[in-house]
Structure formats: C-alpha cells, structure tokens
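Taken in sequence, the protein lines are chains U and C. Position 167, counted from 1, in the first sequence is what this note's numbering calls 167; the numbers after and before it change by one each time, with no gaps. Here this note's numbering runs 179 ahead of the position in the second sequence, where the first position is 1.
If you're looking for bench data, these hints aren't it; they were derived computationally from the structure. As the structure is a prediction and not an experimental result, all values here were calculated from the model. In this text, a Cβ means the ideal position worked out from N, Cα and C, and glycines have one as well. A few of these clues could be false.
Not everything, but these chain U residues come out facing chain C in the computed CB check (under 7 Å) [what the hints assert, rightly or not]:
1. E3
2. V25
3. L26
4. L62
5. I65
6. G66
7. M77
What follows is each chain in one-letter form.
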Amino acid sequence: MTETITTALFYIFAASAVLLAFALVLTRRILRAAVWLMGVLFCSAAFYVLLGAEFLAGIQVLVYIGGIVVLLVFAIMLTSSFELLDDHPSALRRILGILTAGGFFAVTALALLSTKFPVKAYHGEAISDVEKIGKSLLNYGPGGYVLPFEVISVLLLAALIGGIVVARKVLVKDPEAKS
Amino acid sequence: MTAFSSFLFNYLNGVTANVYEPVSVATRAAEVWAHEPWLAIGWLALGMAVMLGFLVVIGMGLIYGERKIAGHFQCRLGPMRVGWHGLLQVIADTLKLLVKEDVVPAKADKVLHVLAPVLAIMATLLALAIVPATPWFQLIDVNIGVIYVTAVGSIGVLGVLIGGWSSNNKWSLLGAMRAGAQIISYEVSATLALLIIVLFAGSLQLSTIVESQADGWWIWRSHLAGIVAFFTFLIASTAELNRTPFDLPEGESELTAGFHTEYSGMRFAFFFLAEFINMFVASAIAATLFLGGWMPFQIAGLDGFNAVMQAIPPGVWFAVKTGGLIFLLMWFRWTFPRLRIDQLMGLEWKFLLPVGFVNLLFAAVLILMGWYFAPIPA
C-alpha cells in the first residue's frame with residue numbers, strides 16, 4: 001500500500017517535472033519560463049523527499065527556488081527585455097543556437113547511455129541526519145569532504161567579490177576623462 | 180477506534196501529570212497507516228480542515244486586533260458599529276471582498292496574475308502547518324524544521340515578485356522589487372538568528388527544540404547570544420513581513436499600494452490574509468525557538484511556583500507568547516517612522532548582518548566551552 005502510493009507519487013512528480021520542463025523551454029515569455037523552472041526544481045525536491053533525503057530537499061528549495069529563481073526573476077525585472085515575443089534572432093544566432101543545443105543534447109545522451117546506474121536496494125530508513133552530513137562535510141580523513149567543501153567556499157567567495165567589482169560604481173574623478 | 184482512545188488516554192494523562200509526548204498529526208497518521216489506512220486518512224483530513232479553519236480564524240482575529248489596537252493607539256475606538264465592539268466588522272469586510280469583481284488588468288500576464296496570490300497563500304499555509312502550537316497540535320513535524328520554515332518562506336517571496344510583475348503596472352513592479360529585495364536581504368539575518376538556537380538545541384526539529392527548553396527558555400539560558408538573536412530575528416522578521424518601520428514596498432504616498440495595487444476581490448484577500456498569517460507564523464516561530472514554545476515558565480528550585488506554572492495548559496502558554504509578540508509587532512507600527520530605502524539596506528548589511536555573524540561565533544564559543552545556563556542532562 002505504502003509502496004503503491006510512493007510509486008504513484010513518483011510518477012506524478014516525474015510527469016509534472018517533464019511537462020514543466022517542456023513548458024519552460026517552449027514558452028516565449030521569459031518570466032513564465034522562470035516560474036516553470038521553479039516548478040521543475042520543486043519536483044526534484046519532491047524526489048529527494050521520496051528518497052528519504054529531506055535535508056537535501058529543504059536545501060534544494062531554499063537555494064534553488066529561494067535563491068536562484070528569485071535572482072532570475074530579479075534579473076528579468078531589471079532588464080527591459082521582458083517579452084521574448086518580438087525577438088527575431090539573426091540566421092547566425094539561430095545556427096549557433098541549434099549547434100549548441102544539439103551538442104549539449106549529444107553529450108547528455110552519450111553520458112546517459114554509456115553510464116550504468118546500479119540500483120541499490122532502498123532500505124526504508126531515511127539517511128537525513130544533519131549531524132552526520134555536517135561531520136562528513138568537515139571530515140578531513142578518508143571519505144571526508146572537507147577539500148571540495150573548502151574549494152567551493154573559495155569559489156563562492158571569488159564569485160561574490162567578482163560580483164561586487166563588476167557592480168560597483170566607478171567614480172570618475174576627472175570629468176574630462178569621461179568624454 | 181483503539182488509536183483514538185489511546186490518544187485520549189495519553190492526552191488526559193498528560194494533562195494531569197504534565198508529561199507530554201509531542202506527536203504531530205502526520206506522525207499519528209503514519210503510525211496507523213499500516214493497519215488502519217482510513218483512520219490515517221481521517222487524521223490527515225482532520226488536520227487539514229483544522230488548518231484551514233485556523234487560517235481563517237487567525238486571519239480574521241489578527242485583522243480585527245490590528246484595527247482595534249491601531250485605533251486605541253491613536254485614541255480612537257476602531258470598528259464599533261457592526262456587532263458588539265465591531266466584532267462582526269471583519270466578517271462583513273470578508274464577505275464584501277469575496278463578492279467583489281476580480282479584475283485582471285488588460286495587458287497583464289493572466290496566468291501569472293492568477294498564480295501569484297496562490298503561491299503566496301500556499302507558502303503561508305505550508306509554514307503554518309509546522310507551527311507546534313501544543314504537543315498535540317502540530318500538523319507535520321519534519322526533522323529539518325528550521326530549514327523547512329526558511330525554504331517555504333522563500334516561495335512566498337516569489338508570489339510577491341510575480342504578482343508585482345504580472346500586474347503590468349509600474350507601481351506594482353517597483354513595490355514588488357522593493358519587497359523582494361527587502362525580504363531576501365533580511366532573510367539572511369533572520370536565518371542567522373535561528374541558527375544560533377539550532378546550535379544550542381542541537382536539532383532542526385521544532386518539537387525537539389521546544390523540548391530542549393523544559394528547564395529554561397533559550398533566550399535566558401544562552402547568556403547574551405539568545406537575547407541578541409531574539410532581537411535580530413524580531414527586527415528581521417518585521418522587515419520580512421513588510422510591516423511599518425519597513426513598509427516601503429507599500430509606501431502609499433509613493434507607490435499607491437505596492438505589489439498588490441492591481442489586485443482586487445478574492446486574490447487581494449489571499450495576499451492580505453497571507454500577510455497577516457505570516458505575522459502569526461513569524462511570532463510563533465520566535466516564541467517557539469526563543470521563548471520555549473508551549474513550555475511553561477520555570478525557575479529551578481521554586482517547586483511550588485513551577486507547579487502553578489505547569490498547571491496552565493501548553494496551548495495557553497503558546498497563545499500568550501505568540502500573542503504578546505504579535506502585539507509587539509503592532510506596537511512597532513505606531514512607534515517607529517518609516518525608514519528610507521538606503522537606511523533600510525544600511526541597517527541590514529552594515530549592522531544586523533555583522534552583528535549576526537559575531538553573535539553566531541560567540542554562540543559557538545559558548546557551546547564549545549559549555550558556558551550556558553542549566554545544560555540539559557543528556
């Protein structure tokens with residue numbers, strides 16, 4: 001009974017994730033695309049919950065919906081191109097776009113086809129102990145993740161500083177130099 | 180039926196012996212799921228129905244309270260005409276809102292315009308479901324409680340942003356931008372303040388955090404760290420709620436009504452209700468994390484006093500604490516003048532955030548050294 005419902009939930013979320021992903025790439029209104037993206041991310045958070053990884057699901061919603069999608073919406077609002085409807089890209093841009101999309105599709109398809117996914121038996125008990133996750137993130141012994149953790153934090157710091165440098169106002173001291 | 184009678188037995192037992200075992204409605208449903216699936220569905224349906232009722236009753240109560248309190252702060256009486264002391268005024272207003280015409284602006288994005296208030300109220304309902312009002316009244320008790328509250332809150336921001344954008348109105352857009360920028364800025368400080376209590380309690384689960392305060396609330400026990408975190412959270416959540424010292428997103432002299440300018444009828448009611456319930460949720464979370472939730476006030480050594488305090492049911496404790504915080508938020512509104520936008524951002528990034536980081540470090544040192552009052556026997 002429980003398994004049936006879990007399976008049904010999985011298919012519901014999987015189907016809506018695929019549909020939302022299609023809506024995301026097919027819509028011509030960019031803000032709607034952001035909203036459908038939110039739906040896709042929410043569905044993947046639901047998958048994490050079904051797999052028993054509640055912490056990951058929470059972080060997924062917090063970071064991707066609360067951070068990335070909000071940032072996207074802000075970017076859309078701040079730029080004037082809020083409608084893609086009138087956009088007629090040039091032939092070169094179209095060809096480049098098709099090439100990029102095709103290349104990405106080929107790489108993804110190859111990666112998916114050449115990988116074997118060993119399905120581990122699911123043992124029912126949720127492995128969502130935040131304390132364990134925290135300890136293994138800061139563990140510098142074998143099997144620890146302290147190096148990737150620190151590398152990512154340095155990367156984020158660099159991105160932060162880069163963002164400030166790009167966004168900061170450059171004070172022009174000499175009014176002649178501007179013209 | 181057996182599950183219900185054992186629940187009743189535990190309830191009565193808990194009331195007389197003051198030993199409560201917090202069980203959320205979802206856990207209760209999961210327990211009986213294997214052999215009595217209909218009972219489980221019944222529990223869930225009951226929980227959801229109660230939650231909906233709770234939403235409406237709290238919403239109306241807060242709107243009435245806000246109008247009355249605002250009135251008395253200004254030496255007015257507030258609503259007096261409809262019903263005894265205007266008690267039915269809110270019901271009349273709600274009926275009026277529900278039968279009003281639902282206008283969607285001509286060139287607005289209709290889908291998003293309809294979706295935005297739904298997102299806002301959905302986020303609020305999800306947050307309301309985790310509030311541990313009493314040991315028996317908590318709909319879900321996920322083990323990532325604090326993260327859940329923050330995550331769900333971020334969906335509400337999107338509701339506001341999308342609502343403002345899809346109205347096709349520059350005041351709405353500006354209001355939404357201000358609201359969004361303000362909410363995501365102050366969310367950082369609010370989360371930092373919550374993290375301090377997570378550090379002390381050693382858990383993200385709200386029921387465990389409440390239980391960890393049986394010997395004393397974290398605001399007293401954690402020396403200065405708890406008090407600083409409490410005030411940081413209070414200020415940050417006032418800003419997240421767009422309430423008065425920080426109500427620039429709705430500054431009526433500048434922006435008409437902010438992001439909900441173009442909303443009317445039921446959809447406006449959704450935004451309005453979400454805003455008021457968010458105030459309740461923020462107060463309830465502050466009460467739960469800092470003021471012990473439904474735990475009674477205890478002083479070690481004074482057994483007689485403790486017994487009297489324990490005789491008061493946990494629901495009353497929770498209501499008094501949350502109500503007090505809500506009153507404080509309403510009081511803020513008539514005390515502080517509205518900030519300028521640069522003051523608003525300066526307060527967050529140049530004051531609250533550094534204070535929050537230093538406080539987090541301080542709290543970590545306190546915990547490492549074991550320098551907090553009345554540590555719980557493990």
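If you check each hint against the structure, which ones fail?
Checked against the structure, the hints that fail are numbers 1, 2, 3, while the rest are satisfied.
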